[in-house]
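Given these sequences and hints, build the entire structure.
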Amino acid sequence: MSKPKLLADILKDYFQNSNEPLAVEFRKHFVGTEHPLLSEKPSEETPLADWLDAQDVMQALHISPRTLQTLRSNGTLPFSRIGNKIYYRRQDILKILSDNYTMYKIKDYGHNK
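Read in order, the letters of the sequence shown correspond to residues 15 to 127 in my numbering.
Bear in mind the hints are in silico, worked out from the structure with no lab data behind them.
Glycine residues also receive a C-beta, built at the ideal position from the N, C-alpha and C atoms.
Be aware that a few hints might be false.
Only pairs whose alpha carbons sit at most 25 Å apart, straight line, appear in this in silico BS3-like list of lysine-lysine [claimed, not checked]:
1) K26 to K42
2) K19 to K109
3) K109 to K26
4) K99 to K109
Each pair of labels, with its calculated beta carbon distance range [to be verified]:
5) L111 to A63: 16 to 22 Å
6) S94 to Y118: 18 to 24 Å
7) F44 to I24: 14 to 20 Å
Next up, the structure:
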């Protein structure tokens with residue numbers, strides 16, 4: 015079974031090789047620039063610097079080991095395990111934070127009573 019293509023690779027192939035009007039206009043617009051969809055470099059895998067160990071995640075989020083385990087167990091936080099060591103992608107942590115962001119409106123802010 016072959017590895018599935020990444021969306022980024024599909025889009026890159028479309029914008030580099032398609033003769034559809036959208037792709038042609040895209041190439042015309044960005045000709046001479048270093049737009050990532052037009053570069054010939056192969057897409058790189060996630061660099062090792064983008065991976066954090068459990069200790070780093072707990073310190074950054076100010077959570078306990080048990081809370082981190084709960085986030086793993088209920089599927090909230092994806093992870094990778096090598097032996098007994100668990101790693102987390104920085105992007106996954108940022109996504110969870112942004113997906114759960116709630117801004118509370120301060121009632122009667124700026125109104126004098």
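Inset, instruction - Check each numbered hint against the structure and report the violated ones by number, ascending. - result: 6
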